[in-house]
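Based on the provided sequences and hints, a complete structural model is requested.
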Amino acid sequence: MIENIIQGKIFKLGNDIDTDQIYPGRYLYLTSPNEIAEHAMEDVVPDFFKKIAGENRIIVAGKNFGCGTSREHAPRALLFARVKAIVAESFGRIFYRNAIKVGLPVIKLRGIIKKIKQNDTIKIDLHTGIIYVTQLKKEYSFEKYPKQILSILKSGGLIAYMKKYKSYYN
Amino acid sequence: MHPIYRILSQSSKKKTIKLGEFIIIDVDLAEINDLYLQILLSFQEMNGKKVWNPEKVFFVMDHYAPAPNIKAAENQKRMREFSITQGINNFFDINRGVCHQVMPEAGLVFPGMVLVATDYHTTTHGAFGAFSTGVGATDMAAILLTGKMWIRTPEIIKINIAGEIKKGVMAKDIMLYIISQLGIDAALYKVIEYSGDTVKNMPLDERLVLCNMSVEMGAKGTYIKPDKKVYRYLLDMKTEKYKKFKTIEDSDGKTIDNYESIYQFDISSLEPQVSLPHSVDKAINVSQISGEPIQQALIGTCTGGRLNDLKIASKILKGKKIDSSVILLVIPVSHKILQMSIEKGYIQTLLESGAALATPSCGPCLGAHEGVLASGESCISASSRKFPGRMGSKDAKIFLASPAIVAASAIKGIIVDPREFL
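From first to last, the protein sequence lines are chains A and B.
The working numbering applies: residue 40 is where the first sequence begins, and numbers increase by one.
The working numbering applies: residue -11 is where the second sequence begins, and numbers increase by one.
You may find that some hints are simply not true.
[Said to hold, decoys possible] Which stretches of chain B does chain A cover? Using the computed rule of at least three CB atoms under 8 Å from a CB of chain A, they are:
(1) 99 to 110
(2) 128 to 136
(3) 248 to 259
(4) 326 to 335
[Unchecked claim] Every beta carbon over 12 Å from chain B, so not counted as near; a handful from chain A, in silico:
(5) ILE45
(6) ASP55
(7) ILE155
(8) GLN174
[Said to hold, decoys possible] The calculated PhoX-like cross-link candidates involving lysine-lysine, where the alpha carbons are at most 20 Å apart (straight line), are:
(9) A/LYS205 / A/LYS186
(10) A/LYS183 / B/LYS6
(11) A/LYS205 / B/LYS136
(12) A/LYS186 / A/LYS48
(13) A/LYS193 / A/LYS177
(14) B/LYS37 / A/LYS203
(15) A/LYS205 / B/LYS38
(16) B/LYS308 / B/LYS332
(17) B/LYS136 / A/LYS203
The hints are simulated quantities; they were obtained by calculation from the structure and are not laboratory data.
Positions of the beta carbon are idealized from the N, C-alpha and C atoms, including for glycine.
In structure tokens:
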């Protein structure tokens, strides 16, 4: 279940973060959400899970976030680690789809990464398509989700959506 | 209307579709490989009972063929059981080969279709004029449930390739060059159409390489206008009946418009290329990396394991022995290709040179089995991906190159220009 408004501290990441860095292949066999969450980003940001534990976090990244393989573990791991949304210059295509599938909002936005700093706070409004950065006192607008996609996200992902509706509507 | 838009329009039952529009399309063929048991788990979580159409679902056990560990074996077992209970007869087990070869060989791929698979390199089938794209596990579960998927109507970019390919240069070199020129997100969310004389004159095997590697630029799909070579292949593979797909060119001779960008490449002076480890999109002339030692050489995968690849490798290695410091893995992309290359004597030649032959599988490309890399090892590979840790140890180095470069390098134990041997 996600709300229209998502707010929290940001965690800044760089360019071309691939799915192996988001969730290392050697942990693909794990199934429990807690175990999976512990290993999110661990080769790139040691103790990432511990660092962001306990508070709403939004990842803000450069280009091509989630490039690499089609494994769903990548967005799942971030979701289980309590990342609330990801804002990036661009996303690996399949990662973008997979994130929506698991109920993790992903937002493409150019320009934000240059000015924003680690631990700044932002507020994302999925309804209006506006991101407000507290420390910069600045608003950015992003392309809003089509109704269909918003519905999937707000249901908490495609599984929950399909359980409820049994089909896509046109 | 571009053929890809025509396909999407037909498939979404919408007379007109706009760029950027979110549409729901019908899937003609849903292919599932042995990577993600999650597909079945998500399907069950969605309360899925029966798949929408068992005849349109295909399973191919190719990434772990045969199963290298208990987990992979258990996953395959569950997939076999699932297909039996669902009445899915289309189950290609570990004795067929890599899905992107096996599907066209089985006559399943044709122009105008929507093909979706849980595999990154699904863009390969654009070479047959299909809209073919990869998705994740839960997307596929929803397809099993509904027979549909959502998609954002993509931009189409055109890559026109002209010029006569120099001897010893292959489609792989062209792609490594193009990717290093345009960048790994040049085609992000987009469909790439390949055109030009170079493409027209390429054998089908080589065109498949262009479409296969397009995903390394972020492509959602690819398209090459089907021609005699494609239709000949479809006939040979006894492809199931399909309506000959009409493009605008067929109907009124006008050219297709609406390309977001058009890139022109003249490859007449292109040298063989090597893509360097880790550096995301940098490829250089083979001469600039000549002399670099390698311990493993791979000819195989859906990028570099076809008949044409084995033919050139066999030509280079005929009567020669590989260096004692090198392991040469030869993994034909399918059992059909394996049999054909045995008949033509390629396998004999390669074995005599010291190659190790393995079961057609994706195997080493993803570090699953059939040749995993140790720390500090360097591999020259005909595959398509080189992220750190991709083929085994994070501290191994992967160089990407054509099968010709791989074969030649195996002889010397260092990266070399294959034209020395041609």
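Okay, the hints, checked on the actual structure:
1. Beta-carbon proximity to chain A at under 8 Å applies to 3 residues in the segment 99 to 110 of chain B; the threshold of 3 is reached and the given coverage holds.
2. Coverage of the segment 128 to 136 of chain B by chain A holds [criterion: at least 3 residues with CB-CB distance below 8 Å; count 5].
3. Judged by the Cβ-Cβ criterion of 8 Å, the segment 248 to 259 of chain B is not covered by chain A as claimed, because only 0 of its residues qualify and three are needed.
4. Closer than 8 Å: that is the beta-carbon criterion, and the segment 326 to 335 of chain B has 0 residues meeting it against chain A, so the requirement of 3 is violated.
5. With a closest Cβ-Cβ approach of about 21 Å to chain B, A/ILE45 is found to remain outside the 12 Å limit, as its non-interface label requires.
6. The beta carbon of A/ASP55 is not kept farther than 12 Å from every beta carbon of chain B, the shortest such distance being approximately 6 Å.
7. Every beta carbon of chain B lies more than 12 Å from that of A/ILE155, the smallest distance being close to 21 Å; the non-interface claim holds.
8. For A/GLN174, the shortest C-beta to C-beta distance to chain B comes to about 29 Å, beyond the 12 Å cut-off, and the non-interface label holds.
9. Of the supplied pair hints, the one linking A/LYS205 and A/LYS186 holds, its CA atoms being roughly 17 Å apart against a limit of 20 Å.
10. Restraint check for A/LYS183 and B/LYS6: satisfied, since their Cα atoms lie roughly 17 Å apart, inside the 20 Å limit.
11. A distance of roughly 11 Å separates the Cα atoms of A/LYS205 and B/LYS136; the hinted pair therefore holds under the 20 Å criterion.
12. Proposed proximity of A/LYS186 and A/LYS48 is contradicted: the alpha carbons are some 27 Å apart, above 20 Å.
13. Simply put, A/LYS193 and A/LYS177 have alpha-carbon atoms about 26 Å apart, too far for the 20 Å limit, and the pair is violated.
14. Annotation: proposed proximity of B/LYS37 to A/LYS203 holds, straight-line Cα distance about 15 Å (limit 20 Å).
15. As the CA atoms of A/LYS205 and B/LYS38 are separated by approximately 12 Å, the hinted pair is consistent with the 20 Å bound.
16. Proximity of B/LYS308 to B/LYS332 is assessed by CA-CA distance (about 18 Å); at most 20 Å being required, the pair is judged to hold.
17. Taking the CA atoms of B/LYS136 and A/LYS203, the gap is about 16 Å. The hint holds against a cut of 20 Å.
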